[in-house]
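Chains as they are written, first to last, in this note's numbering: chain G, 7 to 333; chain D, 5 to 597; chain Y, 318 to 669.
Just to be clear, a hint being listed does not mean it is correct.
[Said to hold, decoys possible] Far from chain Y by the CB rule (all over 12 Å, computed), these chain G residues:
#: 1; residue: I11
#: 2; residue: A18
#: 3; residue: A124
#: 4; residue: I210
#: 5; residue: F249
#: 6; residue: I274
[Said to hold, decoys possible] Stretch-level coverage of chain D by chain G, calculated; a stretch enters the list once three of its residues show a Cβ under 8 Å from a Cβ in chain G:
#: 7; stretch: 179-192
#: 8; stretch: 254-266
#: 9; stretch: 289-297
#: 10; stretch: 302-314
#: 11; stretch: 470-484
It is worth saying that the hints were derived from the structure and are not from the lab. Beta carbons: idealized from backbone N, C-alpha and C, even for Gly.
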Amino acid sequence: MFRFILRRTFSALMILLVISAITFVLFYVAPRDPARSACGKLCTPETLALVRRNLGIDDPLPLQYWHWLAGVFVGRDYAGLGHCSAPCLGYSFTNHEPVLGLITNRFPTTLSLTLGSAVVFVVLGVGTGMLAAVKQGRALDKIASSISLVGSSLQIYIVGVVAMYYLSDQWGILPRPQDSVGFSQDPVAWFKGLLLPWFVLAIIFTANYTRMTRSQLVESLAEDYVRTARAKGLSRRTVFFRFAWRGAMGPIVTILGLDIGYLLGGAIITEETFGLHGIGALSIKAVRDNDLPLLLGVVLVAAAAIVVANIVVDAVYALIDPRIRLA
Amino acid sequence: MSLSRRNFVIATSVAAGGSMVLSACSSGGGGGGGTSGGGVSAGKYSSVSIGTKEDSTGPAPEIPGAKKGGTIRPISPQDFSHLDPQRIYYSWNSEVGNLYIRCLTGYRIDGGAMKLVGDLATDTGTMSDGGKTWTYTLKDGLKWEDGSELTVEDVRHGIERGFASFTTEGATYLQAALTGTNDFRSVYKGPYDGKHLDSVVTDTAKKTITFHLKTARPDLNWTLAMQSYGAVSAKHDTKEKYDKDPFSCGPYRLSAHSVDKSLTMVRNTHWDPATDPIRNAYPDSFTFEFGPEALQTSDRLIADSGTDQYAVMAYSGVPAERIQKVLTTPALKSRTVDGLLTGLYYYAINCKRIPDLKVRQALNYAWPLQQIRTIYGGPSSGDYATTILGPDMAGRVKFDIYGKLAKPQGDTAKAKALLKEAGKLGQKIVYTYPQGSNDAFEKTKVVIANALKEAGFDPVVKPVEATSYYDQVQQIDNSFDVMWFGWSPDWPTGFTMIQPLFDGRVIANGANNVSQLKVSWVDAAIDKAAALTDATQANAAWAALDRQLMEKEAPIIPEMYQRRFYLYGSKVGGAEYDPLNSSFVLYKLYAKS
Amino acid sequence: MTLVSEASGPSTADPFLSVRDLRVHFATDDGVVRAVDGLSFDVGRGRTLGIVGESGSGKSVTNLAILGLHDRTRTTLAGEIVLDGQELLTARERELERLRGSKMAMIFQDALASLSPYHTVGRQIAETYAKHTGASRRESRARAVEMLRRVGIPQPTARADDYPHQFSGGMRQRVMIAMALACDPQLLIADEPTTALDVTVQAQILDLLGDLQQEFGTSIVFITHDLGVISRMADDILVMYAGRAVERGTRREVLRTPQHPYTWGLLGSMPTLNAPVDVPLSPIPGTPPSLLDPPAGCRFEPRCAFREQVPAGRCASRRPHLPRTAGHGAACHLTAAQRVEYHADYVGANPG
């Protein structure tokens with residue numbers, strides 16, 4: 007296990023390094039000048055040069071990258087902005103704040119959104135999938151399958167807007183989605199504010215999990231070892247949960263891990279729809295504002311989330327299935 | 005300036021969708037007193053004047069029916085880009101800046117009329133030496149949020165901060181005037197090494213401050229109203245970090261700020277209304293919410309439920325999708341304020357590539373303003389522009405040389421005749437716009453190309469990707485003949501509108517004279533008008549130059565003065581349009597119970 | 318009728334397992350599959366019944382039906398299955414659960430697939446024991462280790478904590494057997510338990526089963542398509558074809574004097590150690606019929622070389638039944654004389 011983690015962490019770091027380098031280069035291929043946004047209305051060449059120095063973009067590209075990279079490990083001093091301590095992901099061009107701070111500021115929303123909706127879609131999706139698998143071929147199965155098909159073809163920005171209009175504005179059942187109140191400040195307000203986004207975001211995933219759970223369970227219910235378990239006289243319930251579900255879990259946990267990893271990189275459409283301020287909204291801002299350090303930051307967060315999710319998934323898979331060995 | 009680079013997306017969508025406000029810097033506004041003479045929708049334009057010492061004395065007149073207390077909740081798609089006064093240029097930032105920043109002068113807004121008054125100063129200043137010396141005296145009882153006294157040293161410190169290396173975003177007029185050079189940082193590096201500017205003199209009583217300018221600026225009183233020249237206490241100056249946590253001398257102070265999510269301002273108990281002729285400050289607090297786009301915010305305000313009853317649309321107007329609904333539903337219409345943006349949208353003609361005046365005039369005749377405005381959303385999206393100076397500029401005189409008000413659809417026959425006369429039938433015209441910023445551009449390019457064809461031109465449409473649009477059209481050696489552009493003045497006199505756009509001496513890569521007009525008589529006329537110390541004479545000179553430019557040079561095709569509609573919740577009182585910042589006048593709002 | 322011959326002992330009157338006119342039909346999208354269609358047989362106490370037949374003949378389905386492990390949503394069952402005087406077809410699920418693993422147990426063909434890959438073998442054995450005896454965790458574990466030792470797994474205490482994939486094929490099958498026998502079942506159904514194993518291991522497993530049967534007095538139903546295995550294990554033999562029994566008798570009767578042309582074919586396709594290696598096996602020409610729409614008469618008729626020998630096309634139109642009397646018999650329209658004659662010819666033509 008230790009070797010596994012060591013090896014995978016190393017390769018993860020290499021991946022992140024490559025991604026950061028690619029982002030860096032791609033950013034400078036585009037013909038825009040990030041310095042212009044911080045240069046006043048009647049911008050003079052002198053002021054522009056000053057801004058470039060302030061932003062640390064007056065060096066050659068490889069040197070800039072080196073500075074950025076070194077900043078991650080040992081921190082970095084900015085001419086006009088002061089010290090940015092390690093791990094320094096750079097200063098946002100437009101927010102005038104360390105990128106890391108911006109990301110940590112946004113992360114609770116993304117984390118709440120991700121984990122909350124994961125709870126919803128896992129409970130709903132896996133639950134419905136289990137029912138459908140148990141009632142294979144019966145009406146319940148067919149209804150569940152149809153609903154999940156409809157669910158997977160819905161779009162967040164339509165469902166979200168409609169749900170928000172009726173549930174919050176018209177009927178006042180739920181408060182408007184908000185993320186300004188954190189869990190630690192007021193758990194009830196936090197919960198209410200995210201309930202709608204959780205459910206709407208979950209709609210799309212739920213369908214997927216229903217279908218996957220059903221098909222995985224149908225498959226594993228037909229496994230020989232499940233039949234053996236029944237032949238031993240174990241009850242249906244025991245067989246279902248201890249054997250069939252155990253067999254179906256692997257692929258579901260894999261996809262769940264990757265979905266969570268993906269969502270931790272920011273749920274752009276959901277955040278836009280509900281006016282939430284997670285990593286997704288931050289990514290859009292970074293792109294709009296032509297803000298390289300911020301862009302690098304969010305890209306790396308998204309990539310790291312996926313990479314870490316992969317490692318976790320592999321480790322969990324090994325826990326579930328003793329046939330898998332970590333090396 | 006060119007419409008903001010930072011908020012480019014917003015800036016361009018203004019033009020086309022009418023959904024958001026010009027986010028370009030705009031610190032000026034207002035119109036030429038009674039002389040502006042209306043315009044297409046008469047009575048809707050504000051009037052601007054310079055107030056007396058009495059006008060500059062607090063408190064601000066009470067608003068009938070207003071009551072103290074409660075919270076007003078402005079909603080905006082974006083957080084403020086800067087809170088440090090010396091780094092504020094965009095009107096969006098100025099809107100909130102008015103709650104905690106005070107300058108020597110400021111605008112008192114009353115029923116659409118704007119009056120320049122003394123804010124920290126007892127009046128709008130005393131000019132001498134042909135505009136080279138300005139003297140101000142501070143009021144008594146000015147305090148910072150910790151109760152300490154605000155002195156002229158704080159005013160001077162704010163101005164000196166404008167030279168620091170980190171305040172690159174702010175205005176530069178005063179710095180250039182004090183040092184006589186645009187490269188003013190090479191002369192003075194800011195107050196942090198203990199040195200002060202020789203050209204700014206304060207008295208021992210810490211009440212009087214005098215500016216000794218290298219170049220005459222008879223309009224410095226307007227310039228000093230820009231928040232870039234707001235006071236900052238040296239004791240509480242945290243340099244770069246001040247942008248996150250500014251120290252207040254206005255009626256409100258910063259209480260909480262969650263970047264890009266929310267910002268709360270609460271009452272500053274040390275602010276004395278008796279010192280302030282401008283601000284009312286009825287609510288106990290303001291809570292800004294950032295994130296929702298204009299359409300979402302409109303729907304929330306239309307629904308008008310819960311705390312949204314205390315909400316106002318901050319800096320993003322009712323979008324095209326909802327404007328008809330809002331304007332045709334009386335209950336909604338009664339909850340709106342509207343006004344024109346201070347900026348002018350226009351099409352710059354590249355005079356270097358199109359040197360023939362007749363061709364530029366033909367373009368003006370041919371341009372299909374009506375079709376363009378229909379695409380933007382019809383009359384509610386704004387008024388046709390026929391002049392360079394907008395209707396809110398001091399001394400502006402309305403004219404319509406190319407008959408655009410009579411024939412807004414364009415006079416292609418006349419254009420063709422002019423082209424023929426010039427021997428330029430079939431003249432190729434490369435038209436460009438920022439692609440990807442707004443769908444409306446994809447539609448307007450069609451009606452533009454059609455009109456040009458009809459007028460005998462050979463139009464070529466060559467869009468530029470939105471994010472690098474300004475970088476490309478501001479190159480001297482670009483390959484465009486007609487470029488979509490916009491500009492807003494920093495204060496409501498002709499100088500800030502005409503000098504940056506048409507002074508032939510400022511042509512450079514990245515500069516704003518995109519028309520590249522380089523004519524000696526224009527340069528001379530600019531210098532002459534800028535030097536006039538009598539405000540009335542100066543205003544008349546700018547108005548005359550406006551007409552001469554369009555008549556004799558036709559360097560641009562004016563398009564529109566855009567109109568903005570803002571919704572506010574049913575429990576918001578005192579709603580008024582700020583012609584200066586194109587937003588609500590926040591400090592006049594109150595919460596109804 | 319009873320399968321067990323009168324000569325075979327006292328158990329005749331009271332068979333331990335009795336299957337009567339069993340029908341197992343599956344509903345599929347294409348129609349009803351008659352997997353088992355009117356099957357009857359008995360198994361006496363302490364005896365071994367070998368059921369032979371090609372794959373798809375209904376052997377496994379029959380045994381799943383005995384344990385009640387068929388898919389209830391799409392299977393219809395008719396007839397009766399009586400275990401030690403208790404009717405199983407109509408028994409409640411809870412009652413069946415009580416019997417499975419304790420009174421009747423099953424060994425499956427593919428031990429790798431049939432053992433849970435997610436649990437240690439010790440746990441899999443122990444949970445059966447705990448379920449039926451209510452024994453504590455510690456007792457169950459001791460039982461598991463004991464069973465592993467009994468089926469000949471070296472170092473059983475340590476190996477109880479291993480997972481199935483850590484065992485060799487033969488050892489895995491021993492684990493299966495240990496698990497099946499954990500509660501001393503009176504009926505053991507072994508569904509091709511040695512098919513996947515090589516010959517040496519196969520012999521070891523068969524020996525083990527024989528020894529255990531001796532020790533516990535278990536009745537065994539041994540399902541296979543391998544006549545060699547049958548000849549070694551079974552007391553009685555039932556030959557199945559397309560969901561029906563075509564011949565039954567003691568091992569000796571069926572192997573020495575087979576009466577059904579299908580049995581002849583099976584025996585003919587059986588490799589023997591003394592046959593020359595260069596003589597090819599002679600499988601029965603043709604393929605088994607579709608059970609969606611089986612032939613109306615004898616189900617072997619389309620493949621039968623002797624159908625012309627029965628007058629009036631009766632083979633195609635009428636179902637031949639096993640004789641109602643006990644003892645050796647075949648479900649075939651050929652007369653006794655014809656059977657003797659043709660068998661002799663068949664053996665002559667197909668040396669095997």
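Numbers of the earlier hints that this structure fails to satisfy, in rising order: The structure conflicts with hint 5 only, although it agrees with all the remaining ones.
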